[in-house]
Amino acid sequence: MLLRTYRPCQPQVTRSRERIGEALVSRGLLRPEDLERALEYQCRTGDRIGRILNALGLVKRQQLYQVLAELWGYPYVDLLREPLDARLARLFDPEALVQRRCFPVRRVGNEVFVATAEPPGAELEEYIRSVLGSVTVRPLVTSEWDIDYAVRTIFRDLVLDRAALGLYYRSPDESARQVLVRWQQVALALLLILVAAGLLMVPTRTAVIVSALVNSVLFVFVLFHFVVAMAGAKHEHVQAISPEEVQALRDDELPMYTVLVPVYREANVVPHLIENLRNLDYPASKLEILLLIEEDDDETLAAAKAARPPETVTFIVVPNGLPKTKPKACNVGLLFARGEFLTIYDAEDRPESDQLKKAIVAFRKGSPDLVCVQAALNYYNATENLLTRMFTLEYSYWFDYVLTGLDRLRLPIPLGGTSNHFRVDRLRELGGWDPFNVTEDADLGIRAAARGYRVGVINSTTWEEANNHVGNWIRQRSRWIKGYLQTVLVHTRHPLRLVRTAGIRNTFGFVLLIGGAPFAFLSLIPLWSLTLTWIVTRTHAFDILFPPVVLYISLFNLLIGNGVMIYLGMLAGFKRRRYQLIPFALLNPFYWILHSIASYKAVWQLITKPFYWEKTRHGLSRYLETGSSASVAAE
Amino acid sequence: MASAAISKPVPRPASPPSDGLHLVDLSWRAHLLRVALFSLPFLALALVTYRYGFLTNAHAHVTAKALLAADRLRLEVIGFLYPPLPFLLVLVFPRPWLPSVLASIAAGATAWLVWYDLERVGLARLWRMLLLAAVVVIPLNVFLATQAYPDMLALHLIVVAWHYYINFVRHGHTFSGFVAGLILGLAFYANFYALVYALALASLVPLFRRSEASTGQGGEWATLSQMLVTAFPALWAVASWTYINWVFTGNPMMYLTDPAAAVIDPERWGVPLAERWGWLAEFGRELIMQPLLLGVFAANLWRAPRRLVPLVVLAFVPSLLRFFGFAYPLPLVLATYTVLALIALPERLPRWVGPVIVALALGQGATTAVLLQHAGEVRQWQQVLVNGIPRASDQDERELGQRLRAAPPYSILADDRSAYRIIARAETARPFLLPADASFGAALAEPARSVGYILVTQEPLGRDLVSERFADGPPDGSVVDGQQGSWKLYRRIDQPSLLH
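These protein sequence lines are chains A and B, in that order. Here the first sequence stands for residues 1 to 635, numbered as in the working numbering. Here the second sequence stands for residues 636 to 1135, numbered as in the working numbering.
Derived from the structure by calculation, the hints contain no laboratory data. Keep in mind the model is a prediction, meaning the values are calculated, not measured. Fair warning: there could be bad hints in the mix.
Unchecked claim - Here are a few chain B residues that sit away from chain A, every Cβ distance over 10 Å (derived from the structure):
#	residue
1	His666
2	Arg686
3	Ala939
4	Gln1093
5	Gly1120
To be verified - Here are the simulated SDA-like pairs of lysine to any residue, each with C-alpha atoms no more than 25 Å apart in a straight line:
#	chain 1	residue 1	chain 2	residue 2
6	A	Lys234	B	Trp747
7	A	Lys234	B	Ile978
8	A	Lys234	B	Tyr751
9	A	Lys234	A	Tyr395
10	A	Lys234	B	Gly854
11	A	Lys234	B	Arg664
12	A	Lys615	A	Trp604
13	A	Lys234	B	Leu658
Unchecked claim - The following label-pair restraints were derived from C-beta to C-beta distances:
#	chain 1	residue 1	chain 2	residue 2	range
14	A	Pro547	B	Val659	38 to 46 Å
15	B	Trp750	A	Pro547	41 to 49 Å
16	A	Ala189	B	Val659	47 to 55 Å
17	A	Thr539	B	Ile1024	57 to 65 Å
18	A	Pro271	B	Gly854	31 to 39 Å
Backbone N, C-alpha and C fix where the C-beta goes; we use that ideal spot for every residue, glycine too.
Chain B with its partners taken away, still in its complex shape (with noise of 0.2 Å):
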């Protein structure tokens, strides 16, 4: 029994109908077995994944931090790190394997989120699992699942919102509106583009919603309330991080222009702005090349027309971001523009709509491919898998992460802007010495004082002190322990040998 006074207690007369509501028809265990169900086949593509040792730089960057944090206890050592959100999950227990799964689940739970929506479509059973099946082979959305965790995290995110968002304009479930918001506004931390999208979906509200005499909410001011109610979040978590930065750099931006920052794109950034018109072209070639999604544009033209000019709103947003210089990388582009098809399917199709949708689904499958085909980290994940050979990088990394880990507490000099990788493959920040520490700058100039080893690479990234001061080779005092891929160990002499 609920209530002592409510033993049984019945609708409001203007309530709005439970069949119509999303995700508040099961409980949160019922979600929680589903999503755990979605999750086996890509978490078993993870552990395979990790078995041959591939680790993209995402995870890797990601769990460096999370290593660094544990270690050191202080969340600022981290720089203020921007998304936060997934690295505070990884904090939880930092391995380089945690991303994946993270990941996994993120994508078995979107999955059963789409599987969800596919159940009221009313298309058979048998072509709603073709078109899943369809979806989630494609080999960019099987990486963007298991590999690319702070991009799933925010798709996902973003996705869950939506159904909310769906609940709270078509049928007026104040609840779910609320839920919406604070799903978008956590979803800033994990992606800078839920805002876009949480201010976006606002602004589509107007749109979105029914008339008043489903909803029995009507009026101007209902709709700047749902929002109000959609926006607020996100943009309150836009300014809470914008003070934060401000509180502890001085610099309350720093997390869209720090070098490290996820949120702009440094290639198309500095463009001006009369020569990214070009861009549109790239950006109308990569929508046309999506058949599934333009297949349901015109569904919905056909069964809900209200619905089209909101959803092509929000497929445009990628193009949008990127035209103004953010990051929205091509994987994620690709797999936004398949998960907001799935999602934007109008109810109650007719059967025969279920075999042209699979098609569709395949061949979107096909450009995609045809979209990666030059995409790094993608093309080479693919072929690990196929050809069942880790990376050589992989494999020194690895074993370079493993012997460094043996070293005492801060003995080891480097710079996490290159050293990232093995750092997340020793799985502890503990034997760095690291530029957020206070001593580096000391270290650094005086090493033989401080370390007994410093880690320098061939292949910098970005502004490595380490590797820049030592290019040249050990200082004084010291000498080459042993190389590993691109990566040199310097010791001081009376220092143990870790590599050998």
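Excised from the complex, chain A in its bound form (with noise of 0.2 Å):
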């Protein structure tokens, strides 16, 4: 109904006592097998017959609301063809407009009308009235949907400025968007002329400096390695969340659940993702899927129709803007979510089915400073190639073994790239995502554990695709590393302050784990080179690099160093009884060149390019047809 026939000087408040079952099942709209259906729904759950009957998809979302409207007693809206005030709208913030469920659409002397997706009353009138004053308040229904698209459409410039820098607004010294801050510069400017002028004047002795400084910093990296590795087998055995306290949910205790899905240019994962996110062991009307696409993406937008998701699934369409990464897209969604906890997946990802509820019995087990938990990324094509058993071999020793050991003793957690479970407050309290940082997850663990929070981990496992060829995993890890610097390089722009915050502990093991792993890939290839040269030629000529101190500490880098990592990355196979993978940590060394290149790519980006988000190319793996390859072991 549009607008222009809404007689205001004849207010129809006339309420219908039937109830919205009963009304849709009268209009013929709705089948009374599928109304009881619902209202099953509704005993186990709690939760609103109407959304219940959407969510599963027995009722269009317009049908439903234009009868809310009339038992209501206001007139239905479509916001799509109906005319919009802007300039009415942008006297309002649009993030209360989605979080209240309203859009005010126009306004008539002293009347204004105001769409609603909620049971209009006093508090959606003191609300306007907050804003605009003595006014008054002509209800009109709509669905969310439609205020979201209105939101989308009316605030795109300000939904884009505060997706791309509302972070940097709100607090610049945690945002990537600026590389270096004055004092880094003058530091890092300082730092090169010191070694070029010592190389000149005291070539010896700079270059001992220098290389005891490399061997002792890799030294400290392997011992915190081997630390916390250790911590996580020790713990391999012990589960945040059994199976009983899974179970022991109810349904109507669980709370509204939001799950951000950014993609771009993956209109071949899309019918996969939908189907993935179908597996999901939540109940429907409390699940709110965000399919985040890119303004430009039209192929992957026509496929999601072409999907057919359910009706937990909205499109966001996520305006064209620079910066073009996945956290601006997240924080687009962060704003349309209405979830009491929010969780991202990639498009390739297939998460363990009861992951949200082991994340919610985690929260309720957790302390109140519990601002996210981490779930196991692991992948499903692990067995493809050789590539893809380093890539899987790394992974579970990252996430089963460094997360847990990190969680053990109480140090940060960097997050993962998916499968963070949030407390939707505590994230906007934190901010969201900073889109200039590519590892934008990493960077938001760290944030989380500076401002004094606490980052867990549950045992629950995301599938993911991983990188069959080279040349893509370059890409992927670059940009890893790449954020792995900008964090670090974020993070200690005000030192005592992280210390003061954060503690001397948890900067400690923040700066060995984030920065040591750039710094000792970066260093590889140097430090091995030097090595095979001697090995090769005999010569003396570095032996003036290594007085005996210095030698010591880098045979044992050499020797023990190397030794122990690759012992560590045997580690991986064991929790998840992938036991064809371990010997393939033998072949580590030769992985670890592969890294070593990234990672001069990743300074050399940073230097040149320090947003570009580096898209990794998804759905390569031959293994993406089935529904659960054979390289899954059972656990």
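Two chains, two separate frames, one set of hints: put the complex together.
Take a look at the structure:
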């Protein structure tokens, strides 16, 4: 119904006592047996019947709200067709409009017509008057989807601005928009000058100092990894959440859960994505899946529509603008998220069906400062080729042992790319994701720790597609390493403040973990080249670089350090009983060379194009078509 | 609370039962406390021995090397002493009593682990105590516990690794597997035969493993993985040490072939293979004279027959090593048999087995005494303790060492191939100019220009360059300052006397 047919002089405040279910049946829009089914569902979940009917696909959204409008006694409005007063709407905060499920459509004199998806009441009037002053509120009924659409349309630039620059405006020091702050620029310049001058004036001493520093840091890095991994191994057999705890959850006590799925140029993966999300064990009426599609990605949008997703899936078109990154898309999604909890999945993800429930249990068991829990990531195409085997070993080691070890040692946990489950209110408080950081996940985990929040791990797995192509792998890895460098640079802008808020232990752990990895990989090729050159030529030209103590440390790193890291790589296969992968840990030194190459590319990109998101191609695996490949070993 | 999200973590359904796991059921503090308690008797005996001035060659050797490295601040000066681990631990505070202390602690820790295992055997506490006491009081074992630090350290590390290894192969406890592997790798730096034990344990995984149903870990790949995890660190340790030898000496296998190396037995190494078969009778006789070990084999055959074969294989390792010419001192062989017997006792034995086992242990003590009746240092040590009279050589060395300690730095030309005991007694290497020093060669050629004193012995060991060069008397410009036992000190005529 278009607004112009609304006659304000004849208010139609006639509320029917008919229930929505009965109303839909009487109007022939719902079958009685479907209503029965929905009512049974309602007994279990305690959710609103209208939401249930829509989520189960029994009633179309527009039909539902048209009938609700009749029952509530207010006109229905289709915001896609109704002309909207942008000036009026922009007097309001878009986030508030989304959360309150209302949208001001038009003002006629002292009357303001407000579309709402909730039963109109005093709260709505109060809110409108708090912005516009003393006006008469004329409610109209529309769907949440319409409201979101209207917000995206009218507030497009603001949505984009907040998503891209919200964190930067709120807290510039926490944004990677600026790669180096002033003092970091000065320090870097001084360091380079110092090293250059040293090499000119006292080359031997300078080279020895550099050698000593590099080897000492590597020594500490290896020791740190050893301690963390063994802490994780020691607790391999404990689980955060038991099956009994999950089964004890009642559907009626489950909150609204938002799932963000940012996609870009992934038309080939979307059908599988929709299928995977259908498998989530969570009441459909309490699940809100927001598919975040870039504005210029018509192909993916078409594929998503063609996949005929369930009603729980909503397409959110992300306004086109720089930086064009996944975290920016997620920030857009965050604005429209209505859930109490939120998680992110990538397009190719296959989360375990009870993952959301496990997250709920974890938050209930955890302390109030628990802001996020991270599920494990692993690969369903582990055995596709040598690269996927190495990648799977690495991921298993990281998620099954390192993150568990960090959790046990109460050190900051850098989040994985997906399957991080947040309390939405705390996530908003943290400022969402940094769209300028290409590993926004790791950054957010550290930002949370820096603010005194905790991140935990849950015993649930999301299966992903491992890169099976070296070029694609290097692209992805260089982005990760670049992101790690960004994260370190951002969070060490105020080192004393970081130590004060996060503690010396957490600061040390963060720097070693996030900064140590790029450092180790950057130094790998030069150090191994030195060793190889010496082995082949037996030259004594490098002897001056290695006075006794430096020599002992570097020998320790070369022999014991590398041995320990290869050995720790073997850990990876045990928890998931992927024993066939374990011998491949012996090939880790070759795998590390790839890391080293990627790290140099990362440094180059950090200088030349720091915010460039090196898109990883997905959907390349031949295991994509299989529901569960043989490589996903039973746990 | 261990984790923000995991306030009360629960075991995974497929996790191993914690009551079956060894060692991980106690905190490291609890273990440490018990180790301290079990070490006390050994420490007391070590102290008594030290007061009598008794110092074994092994302890003197490692102390002297540590003193040298501590003074010169370069590890290369020790000539890539193998095994390095005992030396590195003594380097913390090199004194002649420290190896005894470390040995006692290792012994106490081993005794604690044995007691820990005996608690699972099912015997009455009295018999367990008597069994442990019967084994500990065997003079050989006490000697090993207090006077053979490198051997005791290696034995202890292998016993620790054994416990974690059992957790790994029988219960699928991954953490234990990696700890076992790392300890075996570390043990290689204490003794060469740790590599053999690592390989033996790795190859015995299929025999020690429980069924797939009980561990939840099945298949050939699981077995292969456990074998790899067990063996890798030791193999890597061998490769690393070989590489280090090659880097610094040009000879990657120097640690095996150097005359001072502890790895090969110089008497057995050169014997042709065909002539070695006769040794098997000797080894067999030794084994037969181990009533406790044989009794434990019988108990396993009765209660846990699947374990018998791997245990027998492990028992043959000392013989195998000696057959191939590697060094495995007899005291250590016999101690290995004893410890293996104790840790291999099957669980849940009937109570009547208690007195039988104790009797067998006493019998083992008797046979040990018979086998070691000609063992040099063990016998001498026993005599010192029993008679309360220090060895004359110890007294001489101690006195000489204390006097030489006062000499100016690098003023005494000596060769530590023979003089290591004196260096250890002096508790410093500073006064000595030794073959590891760059100016040693020049000093040997023209001592009058470089050093004030020359230390020679009438009983040189190995190729003692100094004693060899100055066997006939002091060089020109020097006189005999004095003699202490078999040691003579020459003094340059312008130097003050150290011995008077």
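So, going through the hints one by one against the coordinates:
No beta-carbon of chain A is positioned within 10 Å of the beta-carbon of histidine 666 of chain B; the least distance is around 15 Å. Every CB of chain A lies more than 10 Å from the CB of arginine 686 of chain B, the least distance being 36 Å, so the non-interface label holds. Here alanine 939 of chain B stays apart from chain A, with its beta-carbon at least about 25 Å from theirs, past the 10 Å limit. Distance check on glutamine 1093 of chain B: its Cβ is at least 37 Å (rounded) from any Cβ of chain A, clearing the 10 Å threshold; non-interface status holds.
At roughly 36 Å from the closest C-beta of chain A, the C-beta of glycine 1120 of chain B stays outside 10 Å, upholding its exclusion from the interface. For the hint linking lysine 234 of chain A to tryptophan 747 of chain B, the alpha-carbon distance of about 23 Å falls within 25 Å, and the restraint holds. A hinted pair counts as satisfied when its Cα atoms are at most 25 Å apart, and lysine 234 of chain A with isoleucine 978 of chain B qualifies at roughly 24 Å. With a C-alpha separation of about 21 Å, the suggested pair lysine 234 of chain A and tyrosine 751 of chain B falls inside the 25 Å cut-off, and the hint holds.
Restraint check for lysine 234 of chain A and tyrosine 395 of chain A: the C-alpha separation of about 18 Å stays at or below 25 Å, so the hint holds. Restraint check for lysine 234 of chain A and glycine 854 of chain B: the C-alpha separation of about 23 Å stays at or below 25 Å, so the hint holds. Between lysine 234 of chain A and arginine 664 of chain B the CA atoms are separated by roughly 17 Å; this keeps the pair inside 25 Å, and the hint holds. At most 25 Å may separate the alpha-carbon atoms for a hinted pair to count; lysine 615 of chain A and tryptophan 604 of chain A meet this at roughly 17 Å.
Between lysine 234 of chain A and leucine 658 of chain B the CA atoms are separated by roughly 12 Å; this keeps the pair inside 25 Å, and the hint holds. The supplied range of 38 to 46 Å is met by proline 547 of chain A and valine 659 of chain B, whose beta-carbon atoms lie about 42 Å from each other. For tryptophan 750 of chain B and proline 547 of chain A, the Cβ-Cβ distance of about 47 Å falls inside the hinted range of 41 to 49 Å, so the restraint holds. Range check, alanine 189 of chain A to valine 659 of chain B: Cβ separation about 52 Å, and the 47 to 55 Å hint holds.
The supplied range of 57 to 65 Å is met by threonine 539 of chain A and isoleucine 1024 of chain B, whose beta-carbon atoms lie about 59 Å from each other. Range check, proline 271 of chain A to glycine 854 of chain B: Cβ separation about 35 Å, and the 31 to 39 Å hint holds.
No hint from the list above goes unmet by this structure.
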